[in-house]
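Engineer: First to last, the sequence lines map onto chains A and B.
When the first sequence is numbered by numbering that gives the first Met the number 0, its final residue is 312 and no position is left out of the sequence of numbers.
When the second sequence is numbered by numbering that gives the first Met the number 0, its final residue is 469 and no position is left out of the sequence of numbers.
Honestly, the hints are just simulated from the structure, not real lab data.
Just to be clear, a hint being listed does not mean it is correct.
Derived list of chain B stretches under chain A, where covered just means 3 residues or more per stretch with a C-beta under 8 Å from a C-beta of chain A [said to hold, decoys possible]:
1. 36-48
2. 252-264
3. 400-411
C-beta atoms are modelled at their ideal positions from N, C-alpha and C, and glycine is treated no differently.
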Amino acid sequence: MMLGRTANGLFWMFRYIERAENTARLIDAGVRMSLTGTQGSDDEWTSVLKSAGVEANFLQQYENVTGPDAIDFMLRDERNPSSVLSVINSARSNARMVRTALTREAWESTNECWIDLTSRLARRVKDADLPSVLDLIKQRTGLIRGAFHGTMLRNEIFNFSRIGTFIERADNTARILDVKYYLLLPAVTYVGSSLDNVQWVSILRSVSAHRSYGWVYESDLNPTNIADFLILNGRMPRSLAYCHEKITNNLGYLETEYSSRHNAHDTALEILETLRNRDIRAIIDGGLHQFLEDFIRRNSRLGQEIAEAYRFY
Amino acid sequence: MPFDEMLDADNRPRGPYSEYMSWYGEQDHARLLTKSRDAEAIFRKTGITFAVYGKEEAAERIIPFDIVPRVISGREWRKLAQGIEQRVAALNAFLDDIYHKQEIIRAGRVPRHLIERNEAFLPEMIGMRPPGGVYTHIIGTDIVRTGQDEFYVLEDNARTPSGVSYMLENRETMMQMFPELFHRVRVRPVENYPMLLRQSLEASAPPGCADKPRVAVLTPGIYNSAYYEHAFLADQMGVELVEGPDLRVIGGRVAMRTTQGYKPIDVLYRRVDDDFLDPLTFRPESALGVAGIMDVYRAGNITIANAPGTGIADDKAIYSYMPEIVEFYTGRKPLLENVPTYRCSEPDTLKYVLDNLADLVVKEVHGSGGYGMLVGPTASKKEITAFAAKLKSRPGNYIAQPTLSLSTVPILVKKGVAPRHVDLRPFVLVAPNRIQIIPGGLTRVALKAGSLVVNSSQGGGTKDTWVLED
Numbered sequence: 000m001m002l003g004r005t006a007n008g009l010f011w012m013f014r015y016i017e018r019a020e021n022t023a024r025l026i027d028a029g030v031r032m033s034l035t036g037t038q039g040s041d042d043e044w045t046s047v048l049k050s051a052g053v054e055a056n057f058l059q060q061y062e063n064v065t066g067p068d069a070i071d072f073m074l075r076d077e078r079n080p081s082s083v084l085s086v087i088n089s090a091r092s093n094a095r096m097v098r099t100a101l102t103r104e105a106w107e108s109t110n111e112c113w114i115d116l117t118s119r120l121a122r123r124v125k126d127a128d129l130p131s132v133l134d135l136i137k138q139r140t141g142l143i144r145g146a147f148h149g150t151m152l153r154n155e156i157f158n159f160s161r162i163g164t165f166i167e168r169a170d171n172t173a174r175i176l177d178v179k180y181y182l183l184l185p186a187v188t189y190v191g192s193s194l195d196n197v198q199w200v201s202i203l204r205s206v207s208a209h210r211s212y213g214w215v216y217e218s219d220l221n222p223t224n225i226a227d228f229l230i231l232n233g234r235m236p237r238s239l240a241y242c243h244e245k246i247t248n249n250l251g252y253l254e255t256e257y258s259s260r261h262n263a264h265d266t267a268l269e270i271l272e273t274l275r276n277r278d279i280r281a282i283i284d285g286g287l288h289q290f291l292e293d294f295i296r297r298n299s300r301l302g303q304e305i306a307e308a309y310r311f312y
Numbered sequence: 000m001p002f003d004e005m006l007d008a009d010n011r012p013r014g015p016y017s018e019y020m021s022w023y024g025e026q027d028h029a030r031l032l033t034k035s036r037d038a039e040a041i042f043r044k045t046g047i048t049f050a051v052y053g054k055e056e057a058a059e060r061i062i063p064f065d066i067v068p069r070v071i072s073g074r075e076w077r078k079l080a081q082g083i084e085q086r087v088a089a090l091n092a093f094l095d096d097i098y099h100k101q102e103i104i105r106a107g108r109v110p111r112h113l114i115e116r117n118e119a120f121l122p123e124m125i126g127m128r129p130p131g132g133v134y135t136h137i138i139g140t141d142i143v144r145t146g147q148d149e150f151y152v153l154e155d156n157a158r159t160p161s162g163v164s165y166m167l168e169n170r171e172t173m174m175q176m177f178p179e180l181f182h183r184v185r186v187r188p189v190e191n192y193p194m195l196l197r198q199s200l201e202a203s204a205p206p207g208c209a210d211k212p213r214v215a216v217l218t219p220g221i222y223n224s225a226y227y228e229h230a231f232l233a234d235q236m237g238v239e240l241v242e243g244p245d246l247r248v249i250g251g252r253v254a255m256r257t258t259q260g261y262k263p264i265d266v267l268y269r270r271v272d273d274d275f276l277d278p279l280t281f282r283p284e285s286a287l288g289v290a291g292i293m294d295v296y297r298a299g300n301i302t303i304a305n306a307p308g309t310g311i312a313d314d315k316a317i318y319s320y321m322p323e324i325v326e327f328y329t330g331r332k333p334l335l336e337n338v339p340t341y342r343c344s345e346p347d348t349l350k351y352v353l354d355n356l357a358d359l360v361v362k363e364v365h366g367s368g369g370y371g372m373l374v375g376p377t378a379s380k381k382e383i384t385a386f387a388a389k390l391k392s393r394p395g396n397y398i399a400q401p402t403l404s405l406s407t408v409p410i411l412v413k414k415g416v417a418p419r420h421v422d423l424r425p426f427v428l429v430a431p432n433r434i435q436i437i438p439g440g441l442t443r444v445a446l447k448a449g450s451l452v453v454n455s456s457q458g459g460g461t462k463d464t465w466v467l468e469d
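Produce the complete structure using the sequences and hints provided.
Structural biologist: In structure tokens form, the structure reads like this:
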């Protein structure tokens with residue numbers, strides 16, 4: 000038995016931790032792009048801000064987009080509720096609220112992540128320090144995940160945490176793809192040009208998949224395979240299919256544990272059906288942008304249905 | 000010269016400290032200083048913090064922890080424990096009496112106006128008897144020492160005493176850092192407190208409830224200064240930690256919103272003040288409590304710990320009557336003394352207090368946390384004059400006490416150890432027909448040399464408190 004508020008706290012704690020890590024990765028990919036200097040890097044930062052879903056908020060604070068401002072806004076601006084600093088604060092507040100549901104290890108890794116990052120992000124990060132700060136974010140969130148996996152009982156607490164993680168991750172991958180979907184359309188690509196290559200690698204890098212892509216598709220870097228990898232590949236831990244496999248499984252455990260089924264279970268299954276046994280070409284032919292928008296909307300509705308079903312509020 | 004608990008007049012260790020001192024003699028001072036910093040890191044990592052209201056930049060602080068333990072012999076403890084038990088029994092009998100027959104008032108031992116015009120007196124509790132007859136399930140009795148056998152009760156915390164998590168974490172930290180010490184010195188354990196607390200709360204459940212009562216801790220939330228303790232206790236007891244918005248009255252029971260719907264609660268260990276407990280009965284704007292909980296309580300369907308209205312028992316104006324109260328209900332002289340207390344509401348006394356402000360400690364009747372008080376001997380002339388004006392305008396709002404020469408226990412400093420003033424808060428659990436006192440407690444220590452203010456909000460620290468097996 001657990002409180003609805005606790006389920007909500009766990010769900011958001013893990014969404015925020017996931018978001019911190021994803022934001023660090025997005026910044027990393029943005030920095031790489033700007034270093035290659037093949038095109039206006041400000042355009043690149045605009046698309047990074049879009050992928051993070053914070054472009055509109057950014058433009059309220061700044062007149063135009065520059066790399067240093069974008070990085071600062073995404074890392075440590077408290078006016079940006081999705082900045083790494085903001086989400087680490089929120090994750091830790093949620094962790095304090097659900098302290099009784101966490102093991103000592105899971106709590107302490109979260110608390111230490113907060114202690115380290117709030118001190119590291121107290122001032123604007125110098126260019127030269129950026130790589131080590133991004134590494135620290137990935138490392139600290141990784142430690143939370145490790146402590147969580149190594150010590151938590153596989154019960155409802157675990158299920159709500161995992162559902163939060165994967166709803167957030169799926170949303171993130173879908174947004175990255177949606178911002179860059181035009182690069183993946185056959186009509187506008189100049190297959191094999193160096194610019195395309197850089198852009199494609201950047202997409203893969205922003206989900207930490209530039210190495211694993213090679214293991215699956217070998218040296219054949221092309222947009223169809225990239226879309227296949229990030230949308231349909233069931234073994235790629237940030238693909239939409241993988242995330243929704245996990246969400247469905249965790250909802251399934253809750254269904255068994257509580258002996259009750261909700262709308263959320265049907266919605267999850269519907270989403271999974273759009274990702275299972277599909278051919279990527281059919282999705283691209285049917286309109287990739289449309290598909291992704293549709294996915295983002297359903298994914299977020301699923302989150303709301305879960306909140307209702309389990310009395311988060 | 001204040002009484003030092005570690006060293007006697009000839010600078011030799013007193014009995015209870017002899018084994019500790021022989022260990023200390025073998026230690027490298029630099030290593031102890033490192034350990035002391037390690038301890039701080041442990042507290043920070045664990046998140047044992049408290050919030051300081053009104054101080055944005057330091058929203059969360061840790062209470063400084065000193066690694067030199069405060070040691071109490073078994074003999075000293077037994078004497079203290081008897082006195083505390085007698086006092087706690089009297090407090091419960093007093094509460095039951097003033098909310099029922101008021102015999103103590105009729106006997107002329109406590110003035111009627113002091114009870115009935117007191118903000119801490121809750122008319123809602125008149126004629127209401129809590130399940131098992133227990134009012135104060137948890138009490139923290141503040142004790143100061145001035146000599147070998149001189150102990151005084153400074154205050155009875157009968158509302159929602161805090162600090163027990165420090166008692167437990169201090170011990171945990173000491174055992175982690177100095178395991179070898181605990182082989183050499185036989186210290187009575189405190190770590191079963193959460194289990195005893197849970198058993199004690201369960202034993203106070205409403206008589207009609209199912210075989211295994213459901214207990215929950217009610218917290219105002221993560222921004223409360225004692226939130227760490229609330230989460231810690233719920234976690235250690237293995238019960239739910241709830242907030243006002245999680246609770247609702249359904250079918251005459253207080254129930255909490257779970258992922259599978261509402262489930263009733265039998266015992267609520269609330270860490271929310273009376274005023275905020277029920278917006279229908281007390282402050283209407285309160286979001287920290289549960290609308291209608293007082294009706295459920297009056298119907299006997301939930302235990303609230305501590306019971307509403309217990310604040311009347313630890314009111315500082317009532318405090319001065321404690322010797323009469325103890326004698327009235329137990330039929331015996333108090334085993335533990337009160338600090339002599341001047342009631343400023345009485346004109347002659349007021350005059351005496353005003354004439355002697357420089358030697359007295361003056362406290363607000365309803366104050367706590369060391370705020371709003373005057374410590375005469377350390378105050379400036381200007382502060383004394385300003386305080387005298389406040390005192391004259393509302394004399395009934397103040398009591399005064401002689402400045403006690405609190406005992407000292409050394410703390411670790413850069414060069415060796417140095418004595419600092421301490422007090423002691425043992426924790427007492429009350430169940431129907433049973434009073435348990437945990438052998439130990441929270442020792443608070445004034446870290447500034449000469450200071451008598453031990454409150455954590457005013458620069459105080461804490462120590463592990465050892466009660467020896469002897």
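Engineer: Work down the list of hints and note, for each, if the structure agrees.
Structural biologist: Evaluated hints:
For the region 36-48 of chain B, the assignment as covered by chain A holds, since 4 residues bring a beta-carbon within under 8 Å of that chain's beta-carbons and 3 suffice. Coverage of a stretch by a chain is defined here by at least three residues with a beta carbon nearer than 8 Å to that chain's beta carbons; for the region 252-264 of chain B and chain A the count is 7, and the condition holds. Only residues whose beta carbon comes within less than 8 Å of a beta carbon in chain A count, and the region 400-411 of chain B has 0; fewer than three means the coverage is violated.
Violation of the numbered hints given earlier is confined to hint 3; every other hint is satisfied by the structure.
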